[in-house]
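Trainee: Given chain A, work out where chain B should sit, using these hints.
Protein chains in written order, with the numbering used here: chain A, 1 to 113; chain B, 1001 to 1110.
Source of the hints: derived by calculation from the structure; they are not laboratory data.
Predicted model, so just to flag it, every value in this text is computed and none were measured.
Cβ coordinates follow ideal geometry from the N, Cα and C atoms, glycine included.
Mixed in with the good hints, there may be bad ones.
[What the hints assert, rightly or not] Cβ-to-Cβ under 7 angstroms is the rule here; a few derived chain A residues that face chain B:
1. S28
2. Y31
3. L44
4. F103
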Amino acid sequence: KQEVTQIPAALSVPEGENLVLNCSFTDSAIYNLQWFRQDPGKGLTSLLLIQSSQREQTSGRLNASLDKSSGRSTLYIAASQPGDSATYLCAVKPESGYSTLTFGKGTMLLVSP
Amino acid sequence: DGGITQSPKYLFRKEGQNVTLSCEQNLNHDAMYWYRQDPGQGLRLIYYSQIVNDFQKGDIAEGYSVSREKKESFPLTVTSAQKNPTAFYLCASSIAGSQYFGPGTRLTVL
Chain A
1 KQEVTQIPAA LSVPEGENLV LNCSFTDSAI YNLQWFRQDP GKGLTSLLLI QSSQREQTSG
61 RLNASLDKSS GRSTLYIAAS QPGDSATYLC AVKPESGYST LTFGKGTMLL VSP
Chain B
1001 DGGITQSPKY LFRKEGQNVT LSCEQNLNHD AMYWYRQDPG QGLRLIYYSQ IVNDFQKGDI
1061 AEGYSVSREK KESFPLTVTS AQKNPTAFYL CASSIAGSQY FGPGTRLTVL
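Isolated chain B, as found in the complex:
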């Protein structure tokens, strides 16, 4: 089946820890994205990548980092510099102007 997978589904982090969220796609899409969703605030763009080994900051990149070493993979690291990381994180890929989303990862800081 073609699609986007995200893991884990739930993630708990202690303050001061870095955590990495996985996003994999087998749709052969060049572009991939990370969004953060908070209640009542809609989706906000963290990072995006148009091509392997290249990525751009979105609206709320501070405290996050990404890599794009393979076309299929776009992992997101939430660093200790992100002061309020508890949120729902969504990964997406796109082709021909249409975006396709993964199932999301819910991150909670303990």
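Chain A with its partners taken away, still in its complex shape:
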């Protein structure tokens, strides 16, 4: 059974720092990996989707990488801002079967001014 782990569980940084969030998964037979952002009491917003054949995706200050063979993905946030404060979740979709995602428990990020 696929397991997704996110480290660290919580992170607090001052504004302006570059930071890296980590996601690891136990079964490398994935179709894609998706990073989400969740604000308190809200739904999830998709940030980046990386197909299994891709190595990375970029959107603005965000860059996500994928190393499928080692079961790892990182989300890099450049020049962090207080508005980046949220919980970040990663999820993997299996190669086979229906489109059911397996989620990590998330990293809670706090960026202080």
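Mentor: Relative to the frame of chain A, chain B by itself:
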């Protein structure tokens, strides 16, 4: 605007009552999902539906029921058999391997 709507935003239930959470999407997505989120436990899949009039149990389906009579709608009923229903419930739909989420419903048992 295209998107997923969930209602109500907050819901209170007395023990022994059934309640139904609404989820509607106008994205024309075939697949829809219900997740439960508890503090520190991430998202867990309750039910999913790939097509109208068909749905499958997820990891924690006991005490829940769903229907999929229309492509746009996927309501979730939390029955009295669900012993610990207080949680945040998220509905999602998907296309091309990417999932899109609604704003969620917070259910509290009084």
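Trainee: Compare the structure with each hint and give your call.
Mentor: Hint by hint, here is what the structure shows:
{"no.": "1", "hint": "S28", "in the structure": "17 angstroms, violated"}
{"no.": "2", "hint": "Y31", "in the structure": "6 angstroms, holds"}
{"no.": "3", "hint": "L44", "in the structure": "4 angstroms, holds"}
{"no.": "4", "hint": "F103", "in the structure": "4 angstroms, holds"}
The structure is inconsistent with hint 1 alone, although it conforms to all the rest.
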